[in-house]
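Chemist: The sequence shown runs contiguously to residue 304 in the numbering used here.
Take the hints with a grain of salt, since some may be wrong.
[Unchecked claim] Distance condition first, Cα-Cα at most 30 Å in a straight line; then the derived DSSO-like pairs of lysine-lysine:
| # | residue 1 | residue 2 |
| --- | --- | --- |
| 1 | Lys-91 | Lys-149 |
| 2 | Lys-131 | Lys-61 |
| 3 | Lys-149 | Lys-80 |
| 4 | Lys-149 | Lys-131 |
| 5 | Lys-149 | Lys-193 |
| 6 | Lys-149 | Lys-61 |
| 7 | Lys-193 | Lys-131 |
Honestly, the hints are just simulated from the structure, not real lab data.
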Amino acid sequence: MHALLTQDHVDTFQRDGVVLIKGLFADHVETIRAGIERNMKEPGPYAAENLKEGEGGRFFDDYCNWTRIPEFEEVIRNSDVGEVAADLMQSKRVQVFHDHVLVKEPGTSKPTPWHQDGPYYFVDGMQNVSFWSPMDTVRGASLRCVAGSHSWEKPVLPTRWLAETSFYPNEDDYMPVPDPDAEGMEIREWEMEPGDAVAFNYGTLHGARGNTTESRRRAFSLRLVGDDARYVERPGPTSPPFLGHGMTPGQMLREDWFPVIYQRT
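Could you put the whole structure together from the sequences, leaning on the hints where they help?
Modeler: Below you can see the structure in the form of structure tokens.
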């Protein structure tokens, strides 16, 4: 097992769908910060500004840029994130799914809506992990995850963040987006230092507070999959869409698009 982990980390991740990994990207903070700045200056085709007119601050996000931003590729290929992911997922192999940058500038009061990542994706399987890592000290604008929500029988309705409408036409196949605070759910949230990472399952319900501090909140997120990941069709375009992938239901993700970054011998 990787030196950053104990058996308790693995057990907690498997049971609760979320665990804190201290210092996962601690040796790569400056590299990731440089990559985020490059990403914001040179946004990709999926870049978005997630505030309505009149909402203060700035909430920028963008994803699927690691193949064109060398700082991100360096961290993905040369850090220990693949080995840590393999341990948490209990998987022999680890593939990259996609990267994601989320930046909340000071005075951005809008929270990130509660959601599960899985319903937006064309990936099925339980061996998956997202790492959310702040590149700034986080005291009040952290990620929030509902423990055990990855094991719920019905997925949560995926919505468009700005329009607040359903992402797919089959709304009855999903449960309504809950209000974890009002419903007394077990929410995990931590104060974090740059390079710490929250590891959570694609099925874990999560959101984030607004950033009402005087400091930026830059976050780098990396989504990885393991042995049981398979392509699944959704009732509409997924996010990310990965147009022209050519995969069929039940197929493992193609390695030329989603490379293996760790393989146990």
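Chemist: Hint by hint, say whether it matches the structure.
Modeler: Against the structure, the hints:
no.	hint	verdict
1	Lys-91 x Lys-149	10 Å, holds
2	Lys-131 x Lys-61	23 Å, holds
3	Lys-149 x Lys-80	23 Å, holds
4	Lys-149 x Lys-131	39 Å, violated
5	Lys-149 x Lys-193	27 Å, holds
6	Lys-149 x Lys-61	27 Å, holds
7	Lys-193 x Lys-131	28 Å, holds
Going through the hint list in order, the structure does not satisfy hint 4, though it satisfies all others.
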